[in-house]
Amino acid sequence: MSEDRGIWVYSENKELMLELLGKGSELASKLNTRLTAAVLGHDVKEQAKELVGYGAQKVVIVDNPQLREFQVEPYLSALTQLTQQHKPELFLIGSTRRGKELAARLAARLNVGCVPDCQELNVDDQGRLLAGRIVYGGNAIVTQVFRIKPQIVTIPRRRFEKSEYKETSKGEIIDAENIQVEPSKTQVVAVKPIEVAETKIEEARVVVGGGRGLDKKEDFKILDELAQILGGQVGYTRPLAEDRKWFTEWVGLSGHAISPELYIACGISGVIQHVAGIRDSKIIVAINKDPEAPIVEMADYIVIGDLYEIVPALSVALRKLLAST
Amino acid sequence: MVRIFVCVKQAVDVSQLKVDSATRRVITLDAPKKISDFDKNALEEAIRVKEKLGGEVFSVTVGPEDAKTTLREALAMGADKAFLISDPIFENSDTLATSYILAEAIKKIGPFDLILCGEASIDSFSAQVGPRLADRLGIPLITYARKLDLEGDAVTAERSLEDCSQTMRAKTPALITVTKEINEPRIPSLMAIMKASKKEIVLWKAADANIASEKVGESGSAVQVLDILAPKMERKKIVIKGETPTESAEKLAKALVQEGVIGR
Ligand SMILES: Cc1cc2nc3c(=O)[nH]c(=O)nc-3n(C[C@H](O)[C@H](O)[C@H](O)COP(=O)(O)OP(=O)(O)OC[C@H]3O[C@@H](n4cnc5c(N)ncnc54)[C@H](O)[C@@H]3O)c2cc1C
Ligand SMILES: Nc1ncnc2c1ncn2[C@@H]1O[C@H](COP(=O)(O)O)[C@@H](O)[C@H]1O
Chain A
82 MSEDRGIWVY SENKELMLEL LGKGSELASK LNTRLTAAVL GHDVKEQAKE
132 LVGYGAQKVV IVDNPQLREF QVEPYLSALT QLTQQHKPEL FLIGSTRRGK
182 ELAARLAARL NVGCVPDCQE LNVDDQGRLL AGRIVYGGNA IVTQVFRIKP
232 QIVTIPRRRF EKSEYKETSK GEIIDAENIQ VEPSKTQVVA VKPIEVAETK
282 IEEARVVVGG GRGLDKKEDF KILDELAQIL GGQVGYTRPL AEDRKWFTEW
332 VGLSGHAISP ELYIACGISG VIQHVAGIRD SKIIVAINKD PEAPIVEMAD
382 YIVIGDLYEI VPALSVALRK LLAST
Chain B
7 MVRIFVCVKQ AVDVSQLKVD SATRRVITLD APKKISDFDK NALEEAIRVK
57 EKLGGEVFSV TVGPEDAKTT LREALAMGAD KAFLISDPIF ENSDTLATSY
107 ILAEAIKKIG PFDLILCGEA SIDSFSAQVG PRLADRLGIP LITYARKLDL
157 EGDAVTAERS LEDCSQTMRA KTPALITVTK EINEPRIPSL MAIMKASKKE
207 IVLWKAADAN IASEKVGESG SAVQVLDILA PKMERKKIVI KGETPTESAE
257 KLAKALVQEG VIGR
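In order, the protein sequence lines correspond to chains A and B.
Per my numbering: the first sequence = residues 82 to 406.
Per my numbering: the second sequence = residues 7 to 270.
Hint data in this document are derived by calculation from the structure and do not stem from the laboratory.
Treat the hints with care, as some may be off.
When the alpha-carbon atoms are kept at most 25 Å apart in a straight line, the in silico DMTMM-like pairs for lysine to aspartate or glutamate are as follows [as the list claims (entries may be wrong)]: (1) A:Lys247 - A:Glu93; (2) B:Lys243 - A:Asp387; (3) B:Lys153 - A:Glu150; (4) B:Lys221 - A:Glu378; (5) A:Lys302 - B:Glu253; (6) B:Lys243 - A:Glu373; (7) A:Lys298 - B:Asp169; (8) A:Lys266 - B:Asp233; (9) A:Lys401 - B:Asp233; (10) A:Lys266 - B:Glu164; (11) B:Lys242 - A:Glu390; (12) B:Lys186 - B:Asp214; (13) B:Lys238 - A:Asp361; (14) A:Lys302 - A:Glu330; (15) B:Lys257 - A:Glu93; (16) A:Lys111 - B:Asp233; (17) B:Lys247 - A:Glu248; (18) B:Lys24 - A:Glu201; (19) B:Lys153 - B:Glu206; (20) B:Lys238 - A:Glu284; (21) B:Lys74 - B:Glu206; (22) B:Lys242 - A:Glu342; (23) A:Lys243 - A:Glu330; (24) A:Lys298 - B:Glu187; (25) B:Lys260 - A:Glu201; (26) A:Lys370 - B:Glu253; (27) B:Lys201 - B:Asp86; (28) B:Lys247 - A:Glu150; (29) B:Lys177 - A:Glu154; (30) A:Lys266 - B:Glu256; (31) B:Lys113 - B:Asp169; (32) A:Lys363 - A:Glu330; (33) A:Lys266 - B:Asp86; (34) B:Lys186 - A:Glu330.
With the rest of the complex left out, here is chain A (with noise of 0.2 Å):
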């Protein structure tokens, strides 16, 4: 059995995969090592050597009826086995809640550690990895280095570029030997799907933001109109999809990090949480009541009054504005 070391790459969900790819080329260059991708499924053939297009020197599969759907123990012990008969200096994972899992779990039955969701990722001059994440609710960014191997982070998706395709691009594809699958823990009863938007926040140039100031769930026609004038999309806080259940996704700690051009917080108060997504945006304005919001604190551009006045008359100053240039 060869030992690859290097790094490796492994997610269950495919356009994540293709991002680890990127960041992953990027790091095996400058730690002068090599790029596995770990695939796991059955009848994946096509799905590896489309990996070795994206930048996989070496793919290795798991091939397994037992692994046709995503269950954690199957795919964990697969990892585990895998990781042991190749012994990577660096794995990266997909930050999906399933993936989590899998990183904290493989992590635990080798006895290393697991950075979760690195925001950066980079190598020192003396060839360490600096593993970076935000902590204290968004206060803080950490720094972290392994003192042991193998080496888990996982990271978030839309955080890094993925690379690009070349027809051209060789790698080797090969099945992995003596993989002993452990069949599930847990038993689904039910799923149900969540519609997923298509269109992509992180990808939005201007994203007007609605908080729990909005009232109703039809009120947010009027932040919708705003992001239409400007080519845009709406986002949301997590109490509006969590507790009032109007949406299925929000933007911050827990959800989506976004960079757009400008961002405008309509009723929102800025908590640390939502604050930890929004950060890298260009410009910030916030729209709310109370002067004394945190939102205040965070904003380029700061306008106290009520958003159900406010919003409107911003989006018919700017459709003037817009005709007029």
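On the provided structure of chain A, position chain B with the ligands as indicated by the hints.
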């Protein structure tokens, strides 16, 4: 009669953190502490199950000795007993070491039906300790539960993933991590607070729970912190004032055009 253990972390109250503006260093030393938010949801859920089925709820904490004050709150909410696993050698333990300590302590406390953890802790937000603990104990795990039902030796929980919501079932003993949405934690009454002062807080040092010193603290940890800095946040903070909403809106619109962020 069910036995539920709740892992309760004494976390830094992140809303009260201060930053040294010159160095951007976050001042964590004297920061106020509290029960990590989602751990209160875990406690509340455990207490509700106990109220329905009868049994005991124990809270288990790895932390400094002063966590005792925090633990009184868990007892006031309705936990029957608190275990504080505390030893100076635990300082700077990462999630690898912390989950090891918790696992050893839990083995010593005895059998259980459920262990509940928070989805993640409010200060480190790593979502690691629960899954690691389940794996160490070799028991089923359901993460991110927003609804939970215990019936006989089966636990059913609902959770949301990015693309679907799932109803999961597992045999007990099992570990469940819960989200904020699962319930609204109760605020203890004065009576409950008074009663809590009579409840027991068991204090164990490393040796009391057979914890090996080389597996904890800095030397037993796999990751090490280099620095903790506040992110840069420099904003213009220009307050736009107008006689009417229309006037404010027009001024704002002009400013945004000047910034070059609208109208390509
Ligand atoms: C661990 C953890 C993770 C979290 N993650 C996230 C996250 O990722 N994203 C997130 O958003 N939240 C998150 N939260 C929740 C967060 O702490 C706040 O509760 C939430 O962001 C507040 O939402 P809000 O601003 O909409 O509501 P509120 O805080 O209630 O603010 C409403 C604001 O609207 C203003 N307002 C009311 N009416 C009007 C009006 N007519 N006109 C103008 N202004 C008006 C009020 O002055 C107030 O400032 C998290 C919490 C925890 C504990
Ligand atoms: N020191 C600790 N003592 C007890 N429980 C803990 C401790 N640290 C973490 N936990 C539990 O693990 C969960 C996740 O923590 P974390 O991995 O830090 O995000 C918390 O919500 C707690 O239930």
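| said: Given the hinted pair lysine 266 of chain A and aspartate 86 of chain B, is their Cα-Cα distance within 25 Å? | reply: Violated. Lysine 266 of chain A to aspartate 86 of chain B sits at ~30 Å, over the 25 Å cutoff.
| query | Does the structure keep lysine 302 of chain A and glutamate 330 of chain A at a Cα separation of 25 Å or less? | reply | holds (17 Å)
| Given the hinted pair lysine 111 of chain A and aspartate 233 of chain B, is their alpha-carbon gap at most 25 Å? | holds (23 Å)
| message | Holds or violated: lysine 221 of chain B and glutamate 378 of chain A, Cα atoms, limit 25 Å. | response | The given pair, whose Cα atoms are some 44 Å apart, is violated under the 25 Å limit.
| message | For a C-alpha distance cap of 25 Å, please report whether lysine 24 of chain B and glutamate 201 of chain A respect it. | response | holds (23 Å)
| task | Given the hint that lysine 266 of chain A pairs with aspartate 233 of chain B, test it: the Cα-Cα distance must not exceed 25 Å. | result | violated (39 Å)
| Proposed proximity, glutamate 206 of chain B with lysine 153 of chain B (alpha carbon, max 25 Å) | Between lysine 153 of chain B and glutamate 206 of chain B the Cα gap is close to 30 Å, so the pair fails against 25 Å, i.e. violated.
| said: Hinted pair, alpha-carbon criterion (25 Å max): lysine 298 of chain A, aspartate 169 of chain B. Please report holds or violated. | reply: Within the cut-off at roughly 22 Å; holds.
| Under the criterion that the straight-line Cα-Cα distance not exceed 25 Å, is the pair lysine 238 of chain B, aspartate 361 of chain A satisfied? | At roughly 10 Å apart (the allowed maximum being 25 Å), aspartate 361 of chain A and lysine 238 of chain B satisfy the hint.
| Is lysine 266 of chain A within 25 Å of glutamate 164 of chain B, Cα to Cα? | Answer holds: lysine 266 of chain A to glutamate 164 of chain B is near 16 Å, not above 25 Å.
| message | Checking one constraint from the list: CA of lysine 153 of chain B to CA of glutamate 150 of chain A, max 25 Å. Satisfied? | response | holds (23 Å)
| query | If you draw a straight line from the CA of lysine 247 of chain B to the CA of glutamate 150 of chain A, is it 25 Å or shorter? | reply | violated (57 Å)
Hint violations for this structure: numbers 4, 8, 9, 12, 15, 17, 19, 25, 28, 30, 31 and 33, all remaining hints satisfied.
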